[in-house]
Amino acid sequence: MEEIVKITSVAQYNAMRGLTTKHPLVAVIDISKALPMPARSFNMGLYAVGLKELNNAQLRYGRKHYDYQEGSMIFVAPGQVVGVEPGLESFTPTGWILVFHPDLVNGTSLGKRMQDYSFFSYDVNEALHLSDKERGIVIDCLSKIEYELDQNIDKHSKGLIASNIELLLNYCVRFYDRQFITRDTANKGVLERFEHLLKDYFSSDKPQYEGLPSVAYCAEALHLSSNYFGDLVKKETGRSAQEYIQAKVIDVAKERVFDRNKSVSEIAYELGFKYPQHFSRLFKQKAGLTPNDYRMKY
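Take the sequence shown: its letter number 296 is residue 418 in this note's numbering, and every next letter is one higher.
Errors might be hidden in some of the hints.
Claimed, not checked - Heads up, simulated DSSO-like pairs for lysine-lysine below, C-alpha to C-alpha not over 27 Å straight-line:
no.: 1; residue 1: K370; residue 2: K356
no.: 2; residue 1: K255; residue 2: K277
no.: 3; residue 1: K396; residue 2: K408
no.: 4; residue 1: K234; residue 2: K155
no.: 5; residue 1: K277; residue 2: K406
no.: 6; residue 1: K266; residue 2: K144
no.: 7; residue 1: K406; residue 2: K396
no.: 8; residue 1: K321; residue 2: K384
no.: 9; residue 1: K370; residue 2: K328
no.: 10; residue 1: K321; residue 2: K277
no.: 11; residue 1: K144; residue 2: K277
no.: 12; residue 1: K321; residue 2: K255
no.: 13; residue 1: K408; residue 2: K310
no.: 14; residue 1: K266; residue 2: K321
no.: 15; residue 1: K384; residue 2: K396
no.: 16; residue 1: K310; residue 2: K266
no.: 17; residue 1: K357; residue 2: K370
no.: 18; residue 1: K384; residue 2: K356
no.: 19; residue 1: K408; residue 2: K419
no.: 20; residue 1: K310; residue 2: K357
no.: 21; residue 1: K255; residue 2: K266
Derived by calculation from the structure, the hints in this document are not laboratory data.
Model, not experiment: these values are computed from the prediction.
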């Protein structure tokens, strides 16, 4: 079994890249001046934001591979596994990496918002691709952080560094919104496949054995991470992926309640509900009537 090296500190990461540590909790790294990552897997105990500017360099993120194109960003959260494929140490990438320990943002406004930056849980094939202007903004934010690291640490350091990281991540939220819009055609293709997936699911006997389809199930079937899939559905439809699934369940249920040979409980079990009362509650919430009342009215 492949050994996975755990990285627990900024100093450990810097040492591996042949760099000195300016701050114990954060570093901005010019990749061209750092040693290449060893060809192995790492369990990151740090947040990492990478701006990669290289061609034809294949890195591994979890169990997936990604061929970086010029000007793309990836985001890694503590606990995720990243690595470099064997035999690829020879390439010389350029770009920047920001790494910071979770302790850096504790007690700051950024610390309270970290869970809002859902792209830290995206797969690498859902990376952020930047325009030249966007790339310039990212580098400017990184330069401001690097400037602070070159100053003596004082009572203002943590707040200023955290604020500039927050600014960078907020810009990335904007850039991802732009990317969702510019990939509108591709996104609609995902929604069409999502709709077909739900239709096929409820046309089969899977609900009776596997229950209601979860967001994670649908995302995996569509080869997307749960967070990216959820954000895409929300931006395209105005509804969360869970709400979209529930709406589909109720659409199917409205057709089936007219089969008077089946009780409401039987229909609930067929749709994947463990408890009929949960089905009735959701049906009334979405349709305004209980299943029996809907059956009688229409």
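Would you pick out the hints that fail for this structure and give their numbers low to high? 2, 4, 5, 10, 12, 14, 16, 18
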